[in-house]
Amino acid sequence: MIRLEKRPQPSQRWSMATPLVAVLATMLFGGLLFGVLGTNPLLAIETIFWEPLFGEFSFYYRPQLLVKGAPLVLIAIGLSLGFRAGIWNIGAEGQYIIGALTGAAVGLAFYPVEAWYIFPLMVIAGALGGWAWAMIPAFLKVRFGTNEILVSLMLVYVAEQFLASMSLGLLKNPEGFGFPGSRNLQQYESAHNADLIANSGMHWGVVAALIAVIFAYVLLNRHMLGFQIRLTGEAPRAARFAGVRPARLILLCLGISGALAGLAGLFEVSGPAGQVSIDFNVGYGFTAIIVAFLGRLHPVGILLAGGLMALTYIGGEIAQGQLGLPAAAIQVFQGMLLFFLLALDLLTNYRVAWRKPEVA
Amino acid sequence: MSQVLLSLSGLTKAYPGVVANDDISFRIGAGEVHALLGENGAGKSTLVKMIYGLVKPDSGAMELRGRPYAPGEPRAARADGIAMVFQHFSLFDALNVAENIALGMENPPPMRDLAARIREVSETYGLPLDPFRTVGDLSAGERQRVEIIRCLLQDPKLLIMDEPTSVLTPQEVDILFETLRKLRGEGTSILYISHKLEEIRALCDTATILRLGKVVGTCIPRETTARDMAEMMVGSALKTPERSGRALGEVALDISGLSVPSPSAFGTALKNVHLTVQQGEIVGIGGVAGNGQEELLGVLSGEILTEAGAVKLMDRPIGRLGPTARRALGLLTAPEERLGHAAAPDMSLTENALLTGAVREKLVHNGFLRWGATRAFAERIIADFDVRTPGPDTAARALSGGNLQKFVIGREVLQNPQVLVVNQPTWGVDAAAAAAIRQALLDLAAGGAAVVCISQDLDELMEIADRFAALNEGRLSTPRPTAGLTVEEIGLMMGGAHGMEVAHV
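These protein sequence lines map, in sequence, to chains A and B.
Just so we're aligned, residue 1 is where the first sequence starts under the working numbering, counting upward by one.
Just so we're aligned, residue 1 is where the second sequence starts under the working numbering, counting upward by one.
Please note that a few of the clues may not be correct.
Unchecked claim - Far from chain A, some chain B residues (derived; all Cβ distances over 10 Å):
| # | residue |
| --- | --- |
| 1 | Gly-29 |
| 2 | Tyr-69 |
| 3 | Thr-206 |
| 4 | Leu-444 |
| 5 | Asp-466 |
| 6 | Pro-481 |
Stated by the list, open to error - Keeping only pairs whose Cα atoms sit at most 30 Å apart, straight-line, the calculated DSSO-like set for lysine-lysine is:
| # | chain 1 | residue 1 | chain 2 | residue 2 |
| --- | --- | --- | --- | --- |
| 7 | B | Lys-157 | A | Lys-6 |
| 8 | B | Lys-271 | B | Lys-214 |
| 9 | B | Lys-214 | B | Lys-157 |
| 10 | A | Lys-6 | B | Lys-56 |
| 11 | B | Lys-49 | B | Lys-157 |
| 12 | B | Lys-196 | B | Lys-182 |
| 13 | B | Lys-182 | B | Lys-49 |
| 14 | B | Lys-157 | B | Lys-56 |
| 15 | B | Lys-196 | A | Lys-6 |
To be verified - Pairwise CB distance ranges, derived in the manner of DEER restraints:
| # | chain 1 | residue 1 | chain 2 | residue 2 | range |
| --- | --- | --- | --- | --- | --- |
| 16 | B | Met-105 | A | Val-300 | 53 to 63 Å |
| 17 | A | Val-300 | B | Glu-250 | 52 to 62 Å |
| 18 | A | Arg-237 | B | Arg-222 | 38 to 48 Å |
| 19 | A | Glu-5 | B | Ser-59 | 15 to 25 Å |
| 20 | A | Met-16 | B | Asp-130 | 36 to 46 Å |
| 21 | B | Lys-214 | A | Arg-351 | 54 to 64 Å |
| 22 | A | Glu-5 | B | Ala-76 | 18 to 28 Å |
In case anyone wonders, no lab produced these hints; they're calculated from the structure.
Ideal Cβ placement from N, Cα and C applies to all residues, glycine included.
Given these sequences and hints, build the entire structure.
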């Protein structure tokens, strides 16, 4: 009989080891899945994990890793602060869309003026847009006690409709021959979030993600607010006793995660995506939830997890192209990763004991 | 007592790092009230869990009525006529008495028959209880009756009671003892666990004393003084806390006309509470648990806000201030619930030192944490209050209850409070540590602080408090000097017997 016994102290070693074990388990069971689908499992795993980094075309894929990883890390860092405190912002996707819209709108409003201040203004507008969208569930929770999970999630769908309406209406390119979508910001120099080093994939969003990692690390380990966030997550009653004001924490955590998601949206729309279009969002806001947990809600962990997730994204695309694996299989693969991670997380606080059933 | 009901021989149970029970042997006669005495951590609970089938001994054997007895689970123990009333009740607040009792039965009879049986048993043993009342509305004493009746319905041969009087008023204790004596008269044996020596002297026929997992003595309580028993329990001469005459200063804490609803559904609202505490004074607040103690602490800690003027600290209205602001002004508190309220279980002792020490110990500079200073503060608490732990990096939940309690009290005392409010400061703490905590409170008051000690332990309050008041259903009685207060008067202040009657059978 297998029994779970609570450890007297959380195990540091397992806390570090579980993400690795989860990745290995995902490779094993994902490989099985690919095998059942008729693909050589080893080849599939190799394509996903090896090809983008060291394969023949890695000169093309490596910058892509930064492009995909940066928004994931940026959003996940914001989410992790709330998750640490038990505040569940599931609607980062919506905040990402709104950030992209407000940021792009500011840029487009200046068109065709060229000036140095346009891009910084867009950055501020993007952050504010995401922040404002996150303030809706935050305010409703503080004022009326609504569930932030539901409200933030449903606002994603509102944001998607808003995005469609904008790309078909207000922000539509007047010179676009009636096609949906805004002007291409890549062709508007003052508003373009270009690679800082040509063809490196290193745009301002990557820089912002790295800053966010450092900021979150310092906040959580050295700052009173970070301590209050952790305390609220681990023992809400003790947090109130310590003087933490829950409402303030909710507004702060949702606000920060919304602003960072908005920033990610702005960097994406003004850089790699280039324009506001109906299918602008590709689920970074949801995948970032996986990244946050894969990184164990730890800033450095999230950085690594963002990289890993970007790898499975790009590797998954290569596998789809080269091996003919269905997109759904790649999504299942990514889902497995989260599943194993959460399941194995148990080992941090519990140990597995094997013992024979006792005879009564 | 000629017949032996249960005999234990050589029972041993070891856990990693500690031998909880070491070669324990004694016998319980039929119709005997047998006391099991010992400090916290002496091994009483482990021993009782082995008898009740919750824990399997590593070695040793038990015999019940001359036959080998080795229960694999509590169900087997119950089938053999052994029942247990736990210190902490396992009742559902939202269900009624009969439903709660039915939940614990193998094959519950129809509710109407069960209710009739409950009435019958409760009348026979003088434990009045309406089977259809919701448990959430019952007093602690009444809840205990539910647990006792649940056991009596099984018609037990041996009834184990774990610290049954810790939640009762003196009058309720008398009623319980009547019931237990009646059970003894019918031939039921009782294993009575307690550390209250006077009770044991009044009720029990024999006592077995445990210390550090071993039997260190047996005695006939009626013929032994409480002091002798206590010294057997502790293993050394007891040090009584010293109280020196203290000069009282200005009014430090002033509560007037305080009424607040409880934040929780089954809590107790505070109703028109008045209390003043002077510098250098200790006010003891007694009362049965659940009569507003937690709410009173919350109102003082700042977790529950009130009208500004209802709570005043050194003449300054603080009713609308939160916990941090109150700490800055010198009002410190230590709640009853250690894990999850006074301390965060999964955080280290260093982080837990920061939890309340941030402001007064200046552990935060411009919002940034001073981990070095915080660690030093935690180490100071550990050293000054003799907290047994590998070090300040240990998680709070890894500490034993008593050690964590010393840490929690030490954390507040070392911050030099103007007013300190503690709830159940020595609950679950061994006698030596409890004496140390009480001494620390007395020293604090001698240094000019005002202390409010909320406790269920009347002996403790009589020992350290200058004035005594009782909480009863959210109302605070008028405080009276402890000198010359009799047990009967205290009982009446605590609300008498909550409508109970002594069995006249």
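Status of each hint after checking the structure:
For B:Gly-29, the requirement that its beta carbon stay farther than 10 Å from each beta carbon of chain A is met, with the minimum near 28 Å. For B:Tyr-69, the non-interface assignment is confirmed: its Cβ lies about 13 Å from the closest Cβ of chain A, beyond the 10 Å cut-off. At roughly 31 Å from the closest C-beta of chain A, the C-beta of B:Thr-206 stays outside 10 Å, upholding its exclusion from the interface. No beta-carbon of chain A comes within 10 Å of the beta-carbon of B:Leu-444; the shortest separation is about 20 Å.
Against the 10 Å criterion, B:Asp-466 stays outside the reach of chain A, whose nearest CB is about 27 Å from its own CB. Every beta carbon of chain A lies more than 10 Å from that of B:Pro-481, the smallest distance being close to 32 Å; the non-interface claim holds. For the hint linking B:Lys-157 to A:Lys-6, the alpha-carbon distance of about 35 Å lies beyond 30 Å, and the restraint is violated. Under the criterion of a C-alpha separation no larger than 30 Å, the hint pairing B:Lys-271 with B:Lys-214 is inconsistent with the structure, at around 48 Å.
At most 30 Å may separate the alpha-carbon atoms for a hinted pair to count; B:Lys-214 and B:Lys-157 meet this at roughly 26 Å. Taken as a hint, the A:Lys-6 and B:Lys-56 pair is honoured in the structure, with Cα atoms around 19 Å apart against an allowance of 30 Å. Note on B:Lys-49 and B:Lys-157: the hinted pairing holds, with a Cα-Cα distance of about 17 Å set against a maximum of 30 Å. With a C-alpha separation of about 21 Å, the suggested pair B:Lys-196 and B:Lys-182 falls inside the 30 Å cut-off, and the hint holds.
Pair hint B:Lys-182 plus B:Lys-49 holds up; C-alpha atoms about 25 Å apart against a cutoff of 30 Å. Proximity of B:Lys-157 to B:Lys-56 is assessed by CA-CA distance (about 21 Å); at most 30 Å being required, the pair is judged to hold. With a C-alpha separation of about 33 Å, the suggested pairing of B:Lys-196 with A:Lys-6 is violated against the 30 Å cut-off. With their beta carbons about 54 Å apart, B:Met-105 and A:Val-300 fall inside the hinted range of 53 to 63 Å.
For the pair A:Val-300 and B:Glu-250, the supplied restraint of 52 to 62 Å holds, since their beta-carbon distance comes to about 54 Å. Against the hinted window of 38 to 48 Å, the Cβ-Cβ separation of A:Arg-237 and B:Arg-222 comes to about 45 Å, which satisfies the hint. Under the hint 15 to 25 Å, the C-beta atoms of A:Glu-5 and B:Ser-59, about 22 Å apart, fit the expected range. For the hinted restraint 36 to 46 Å between A:Met-16 and B:Asp-130, the CB-CB distance of approximately 57 Å leaves it violated.
Checked against the given bound of 54 to 64 Å, the beta carbons of B:Lys-214 and A:Arg-351, roughly 30 Å apart, lie outside it. In this structure the supplied range 18 to 28 Å holds for A:Glu-5 paired with B:Ala-76, their Cβ-Cβ distance being about 23 Å.
When each numbered hint is compared with the structure, violations occur for hints 7, 8, 15, 20 and 21.
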